[in-house]
Each structure stands twice: as structure tokens, then as C-alpha cells.
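Chemist: Single-letter residue listing:
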Amino acid sequence: MNARVVAIVIALAALATLPHWIQGDYYINVSSQILFSAIFALGLNVLAGYGGLVSLGHAGLLGITAYAVGYTLQAGFGHPVAILAGIVIGVASMAVYAVLSLRATGIGFIMITLALGEIIWGLAYRWIGITNGDNGISLHGRPQPFGLSLNSPAAFYYMTLVVFLISLAAMTMFVRSPLGAALMGTRDQPRRMNALGYHVWAIRFWACLFSGLLTAVSGILFVYYTQFISPQALDLTSSAEVLLMVIAGGAGTLFGPVVGAALVVIVKSVVSAYVTRWNMLLGAIFVVIVIFMPEGIVPGTVRLWRAARRRFVPTAAPASKAGAPP
Amino acid sequence: MSALTVKNLCKAFGGLQVTTHVNLSVEPGERRLIIGPNGAGKTTLFNLITGEISPDAGSIELFGRDITHVPSRQRPHLGMARTYQVITLFPHDTIVHNVSLALLGLSPLRWNPFIDMRRQGHIVEDARAALARVGLADIAERPLAQTSYGERRRVEIAMALAQNPKVMLLDEPFAGLSIDERRDVQQCLTAISRDVTMVMIEHNMDVALEFAERITLLHFGEVIVEGSRAEVVADPRTREVYLGR
Chain W
1 MNARVVAIVI ALAALATLPH WIQGDYYINV SSQILFSAIF ALGLNVLAGY
51 GGLVSLGHAG LLGITAYAVG YTLQAGFGHP VAILAGIVIG VASMAVYAVL
101 SLRATGIGFI MITLALGEII WGLAYRWIGI TNGDNGISLH GRPQPFGLSL
151 NSPAAFYYMT LVVFLISLAA MTMFVRSPLG AALMGTRDQP RRMNALGYHV
201 WAIRFWACLF SGLLTAVSGI LFVYYTQFIS PQALDLTSSA EVLLMVIAGG
251 AGTLFGPVVG AALVVIVKSV VSAYVTRWNM LLGAIFVVIV IFMPEGIVPG
301 TVRLWRAARR RFVPTAAPAS KAGAPP
Chain R
327 MSALTVKNLC KAFGGLQVTT HVNLSVEPGE RRLIIGPNGA GKTTLFNLIT
377 GEISPDAGSI ELFGRDITHV PSRQRPHLGM ARTYQVITLF PHDTIVHNVS
427 LALLGLSPLR WNPFIDMRRQ GHIVEDARAA LARVGLADIA ERPLAQTSYG
477 ERRRVEIAMA LAQNPKVMLL DEPFAGLSID ERRDVQQCLT AISRDVTMVM
527 IEHNMDVALE FAERITLLHF GEVIVEGSRA EVVADPRTRE VYLGR
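So the protein lines, in turn, are chains W and R.
For the first sequence, my numbering gives the first residue as 1, with consecutive numbering after it.
For the second sequence, my numbering gives the first residue as 327, with consecutive numbering after it.
What the hints contain is simulated information worked out from the structure, not anything from laboratory work.
Treat the hints loosely; a few may be bogus.
Cβ-to-Cβ under 8 Å is the rule here; a few derived chain W residues that face chain R [unchecked claim]: (1) L18; (2) P19; (3) I22; (4) D25; (5) N29; (6) P145; (7) S177; (8) P178; (9) G185; (10) Q189; (11) P190; (12) L196; (13) Y198; (14) H199; (15) R303; (16) R306.
Estimated spans, in silico, between C-beta atoms of each pair [what the hints assert, rightly or not]: (17) W:G108 / R:K333: 50 to 58 Å; (18) R:A471 / W:T172: 39 to 47 Å; (19) R:G340 / W:G122: 39 to 47 Å; (20) W:R303 / R:G340: 28 to 36 Å.
If the Cβ cut is set under 7 Å, some of the chain R residues that face chain W in the computed set are [as the list claims (entries may be wrong)]: (21) G341; (22) R563; (23) T564.
Every residue gets a Cβ at the ideal spot worked out from N, C-alpha and C, and that includes glycine.
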């Protein structure tokens with residue numbers, strides 16, 4: 001059994017028993033926030049990390065799903081319909097996003113997604129008939145899958161954990177699949193992929209839909225967690241925050257966005273209780289990451305760990321060569 | 327029927343006419359060399375044939391089928407493969423993964439998000455077979471970043487070969503290689519069967535002339551001379567274009 005498997009088993013055990021060893025409802029709630037933020041970051045990582053398509057409008061997509069759930073519930077439908085509406089409307093909005101923004105890559109893609117995100121924020125703010133404007137939409141109660149109440153922090157945490165693990169498994173499968181390999185190919189050499197017979201646009205489009213699905217799932221958990229949705233959740237800061245999670249943790253890695261989500265949520269909700277200027281602290285942490293681990297926390301730690309092992313664990317490396325005078 | 331026919335092909339970038347009424351007819355199994363000074367429009371001609379850029383006028387046929395308006399991504403599926411003058415590979419992956427991507431490009435599996443790519447035995451086997459043909463089977467698992475320039479040139483050829491093409495377009499496969507590496511690449515190319523029609527752009531006359539049966543000389547986007555190897559080499563216009571008056 002290698003170190004990776006051991007680490008995964010330990011992490012799983014820690015996550016599964018978390019409500020028993022963590023003190024207080026507040027921290028269980030923070031853990032739920034970390035997990036659904038991590039699903040959001042996984043979704044953005046499909047595009048930003050594996051597809052080379054950086055989106056600055058993903059909070060808008062999360063918001064569309066959250067509003068769809070809120071509006072459907074307000075209209076008198078049940079939770080299953082609301083959840084389905086959230087997923088269908090979220091993924092369909094991503095399809096529209098994709099058709100509009102995949103006309104460009106690089107900076108062009110960033111700017112189009114930024115504009116789309118701002119348009120959705122504007123709509124949420126002004127289209128009062130549907131969104132209730134600045135006052136937002138409140139939800140009344142969480143769903144009860146199989147008769148289990150999700151009202152306690154621990155119950156909601158376990159629900160979020162299950163959805164998170166399914167999302168992570170789906171992500172792992174996607175990354176190892178031929179379509180995942182094709183997406184990474186279009187990131188590195190789009191021209192060559194086209195010449196090899198791949199439909200570069202269609203591959204990116206499917207990746208967008210997968211990203212949209214994860215974003216929608218995260219949006220549903222988010223809106224049931226807060227039981228409230230207002231335009232604030234859709235603003236540019238939220239889009240930038242999730243991008244920060246992906247980049248800080250390690251874009252294009254499986255666990256990077258999860259670690260990034262943990263970092264951002266902890267600084268935002270826990271450290272902010274002690275440090276008033278927590279935004280500055282987050283900025284400082286990001287600068288440190290960029291200086292010492294430009295590839296992100298997860299790949300950066302792996303690199304430093306290997307370098308340390310090479311240095312301190314004697315191997316078959318020719319010592320005489322290193323010690324020889326120039 | 328010709329393997330590849332180009333009729334009256336024209337292309338201008340703004341005011342610059344880069345391809346001027348080019349006609350080309352390559353027979354099945356033929357080895358055709360395209361030469362010409364820098365800026366003669368050789369690579370542009372390849373980009374037109376593979377569909378990466380679309381022509382202003384003229385037509386392109388592959389085994390009698392008009393492919394002028396077939397999207398470039400469809401052309402590999404019709405049996406056309408190319409290599410690039412500037413090496414265009416996937417730097418983060420292993421050699422065998424690079425070639426696997428070439429194979430996957432023609433397989434319906436490329437749309438599948440549910441299976442593990444490393445467990446697709448036939449793709450990995452075929453990729454290794456293609457690597458064996460260019461003499462790289464031993465280092466198939468090596469990350470591309472740790473390979474030499476000459477090895478990368480051969481990976482380029484292996485990727486084209488893996489697609490089992492009917493027509494192969496080689497853009498300066500000897501560019502920047504040492505004498506030893508040149509010999510290796512030459513061996514790969516001479517070992518390719520006559521089922522494959524090959525068109526090559528090359529500046530290096532020693533190896534290129536040995537390879538070519540017929541030669542087309544391009545200059546300012548026009549075909550100046552075309553004929554058998556001996557005819558083109560003996561033609562005074564070849565001398566003029568290459569050495570000046």
C-alpha cells in the first residue's frame with residue numbers, strides 16, 4: 001500500500017467521524033461549507049485546470065441554480081422538483097455560457113465569462129419579479145431524503161459529504177477517461193488535436209457541461225445550507241474566490257481545489273473572527289503560495305516533499321560528483 | 327486515380343499571394359519531395375491540404391474525393407496524417423500517451439468520459455507498435471520532457487504512423503537533427519510500406535534527394551519545376567532559384 005492510499009484512507013476516516021471530534025455546530029457548519037465550496041471548485045477546475053479555460057463568471061451559474069431552486073420552491077413545488085429544476089436550469093445556462101464564450105480562448109474567454117457573470121448579477125439585482133431583488137429569496141426548510149431530516153448541522157454535513165465524495169469520484173473518472181485526456185490535449189496543443197481528428201470545440205463544450213453540472217450540484221447544497229439566496233452570492237468577488245481556491249490549491253490536480261476550498265473558507269469564516277482584515281490575510285497567503293509554490297499547494301507540497309527526501313534520504317545518487325571540487 | 331490531387335489552388339494573406347494556381351498530382355505509393363527557398367509557400371501548401379487554412383480558390387482531392395470543404399478535423403478520418411515543422415507534442419505526458427492520443431483521435435472512444443484510458447489495452451498496444459516502428463519502444467514510458475530533440479521528431483512520425491494513414495505529409499522531418507539522428511529518422515521513413523503515399527517538405531538535400539522519386543519546386547507560391555528527381559536536379563531553373571542568377 002503506498003502513501004497515497006494511506007493518506008486517502010486517513011482523510012476518509014477523519015471526514016466520516018468529523019462531527020464526533022470537532023467542537024460545536026459552528027465548526028460542523030464550516031466543514032459543510034468547505035465541502036460544497038470544494039464541489040464548486042472541482043467544477044471550475046474542469047475548465048480552468050484541465051481545459052485551460054479560465055472562467056470568471058462561475059458564481060453567476062451557481063446563482064442561477066440557487067435562484068431556480070428558491071423560485072421553484074416559492075412557486076409551491078416540492079424539493080425533488082426544485083432540485084431537478086436547479087440542475088436542469090444550471091446545466092442549460094452553462095450550455096448558453098459555453099456557446100457564447102467558447103468563441104474565444106485565453107483572455108477573450110475570461111472577459112466573456114466575466115461579462116456574462118456580471119449580466120446575471122445585474123438580472124438578479126433588478127429582475128425583482130423573479131428574484132425579489134436585494135431582499136433575495138428565503139427557503140423554508142431542507143429536503144428530507146428517505147425521511148431523514150437534514151436540519152441538524154451534522155445531518156446536513158453527512159449529506160454534503162456523500163455528494164462531495166460522489167462528485168470527487170466522478171471527477172477522478174473524468175480525468176482518467178479518454179474524454180478527459182482529450183480535454184487536456186486541447187489545453188496543451190489545440191492545433192495538433194484538431195489535426196489528429198478531434199473536434200476541439202465539442203470537447204470543450206462537453207467539459208463546460210460537466211463543469212456546469214458540478215456547479216449546479218454545489219449551488220443546490222449552497223442554497224439549502226444558507227436557506228437564502230441574494231445577488232451577493234453572484235458577484236464578481238464570489239467568482240474570484242472560487243478561482244482563487246482552484247489556483248491556490250493547484251489547478252489541474254484532483255485534490256488541489258479541495259485544499260484550496262478549505263483554505264479560503266477557513267480564512268473567510270474562522271480566521272475572520274480574530275482578524276478584521278481577513279481579506280488582506282488571504283491576499284498575503286496567496287502571495288506566499290505564488291512565490292513558493294506557483295503550481296499550487298498540492299503539487300507544490302509534493303514537489304517540496306520529494307526534494308526534501310532526495311536531500312535527507314541517502315540514495316544511489318553519485319555523491320562523489322556532487323562533492324567534487326569544480 | 328491519384329492519391330492526392332491539388333487543382334489551381336490559390337491563397338493570399340492580405341496583399342501577399344502565398345499560393346498561386348498550384349497544381350499537384352501525387353500517385354498512390356509515391357514519395358514526393360517539395361522544395362523551395364524560405365517563404366516559397368511550402369508549409370502554407372501543407373496547411374491548405376490539411377485544411378488548417380481554407381483556400382481562396384481551387385480544389386483538393388483525396389483518392390478522387392473532393393475534400394476542399396471537409397473540415398480539417400475530419401481529414402485524418404479520411405486517411406490523411408501530418409507532422410509539424412515546429413514540434414507540436416504534449417509536453418506533460420509520456421511518449422506512449424502522446425501516441426495513444428493520436429490513436430484515440432480516430433476512435434469513437436474519444437468521447438467516452440466513463441472508462442479508464444490506461445486500461446484500453448488495444449490502444450496502448452497499438453501505440454507501442456507504432457513506437458517500435460520508429461525505434462522508440464524501449465523508452466515508451468518516458469515523459470516527453472525528458473526526451474531529446476531527435477526522439478521527439480520520431481514521436482511526431484510515430485503519431486502520424488499510428489493513425490495508419492493513406493497519405494502522410496511530412497513537414498521538414500530532418501530539421502535540426504544531428505547526422506546520427508538524421509540516419510535514424512531516414513531509416514524509419516524508408517521502412518514505411520508503399521501503401522502509404524508520402525509528401526515531404528525538406529531543405530536537407532542529402533537525405534531528401536535519396537527519399538524522393540518526384541520533386542516539385544515551389545517559388546513565390548508557384549510551381550516552377552516538377553518532374554523526376556534527375557529532371558528537377560538537372561533543370562537550370564532549380565539552380566537559378568536556389569543559387570540566383
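Chemist: Now tell me if each hint is right for this structure.
Modeler: These are the hints, each one checked on the structure:
1. This hint is violated: W:L18 has a C-beta 30 Å from the nearest C-beta of chain R, more than the 8 Å allowed.
2. Among the interface hints, the one on W:P19 is violated; its C-beta lies about 33 Å from the nearest C-beta in chain R, farther than the 8 Å criterion.
3. Because the smallest distance between the Cβ of W:I22 and any Cβ of chain R comes to about 35 Å, over 8 Å, the interface hint for this residue is violated.
4. The interface hint given for W:D25 is broken, as the beta carbon of that residue sits about 38 Å from the closest beta carbon of chain R, more than 8 Å.
5. For W:N29, the interface hint is violated, the least distance from its beta-carbon to any beta-carbon of chain R being 33 Å, above 8 Å.
6. Given the 8 Å rule on beta carbons, the hint for W:P145 is violated: about 25 Å separates it from the nearest Cβ of chain R.
7. At a threshold of 8 Å, the smallest CB-CB gap from W:S177 to chain R is about 5 Å, leaving the interface hint in force.
8. The closest approach between the C-beta of W:P178 and any C-beta of chain R is roughly 5 Å, which is under the 8 Å cut-off, so the hint is satisfied.
9. Residue-level restraint check for W:G185 holds (minimum Cβ-Cβ distance to chain R is 5 Å; threshold 8 Å).
10. Given hint, W:Q189 at the interface with chain R, holds; its Cβ is 6 Å from that chain's nearest Cβ, closer than 8 Å.
11. With its C-beta approaching chain R no nearer than about 10 Å, W:P190 sits outside the 8 Å limit, and its interface hint is violated.
12. Evaluation of the W:L196 hint against chain R yields a held restraint, the C-beta minimum of about 4 Å falling below 8 Å.
13. A cut of 8 Å between beta carbons decides the hint on W:Y198: the least distance to chain R is about 5 Å, and the hint holds.
14. Because the beta carbon of W:H199 sits about 6 Å from the nearest beta carbon in chain R, less than 8 Å, this interface hint is met.
15. With a cut of 8 Å, the hint placing W:R303 at the interface with chain R is violated, because the nearest CB-to-CB distance is about 14 Å.
16. The beta carbon of W:R306 comes no nearer than 15 Å to any beta carbon in chain R, farther than 8 Å, and the hint placing it at the interface is violated.
17. About 37 Å separates the C-beta atoms of W:G108 and R:K333, a value inconsistent with the hinted range of 50 to 58 Å.
18. Distance hint for R:A471 and W:T172: a CB-CB separation of about 24 Å, inconsistent with the stated range 39 to 47 Å.
19. For the pair R:G340 and W:G122, the beta carbons lie near 40 Å from each other, so the given range of 39 to 47 Å is met.
20. For the pair W:R303 and R:G340, the supplied restraint of 28 to 36 Å is violated, since their beta-carbon distance comes to about 47 Å.
21. A least Cβ separation of about 26 Å between R:G341 and chain W goes past the 7 Å threshold, and the interface hint is therefore violated.
22. The beta carbon of R:R563 is not positioned within 7 Å of any beta carbon in chain W (closest approach about 33 Å), and the interface hint is therefore violated.
23. At a threshold of 7 Å, the smallest CB-CB gap from R:T564 to chain W is about 31 Å, leaving the interface hint violated.
Of the numbered hints given earlier, the model fails hints 1, 2, 3, 4, 5, 6, 11, 15, 16, 17, 18, 20, 21, 22, 23; all others are met.
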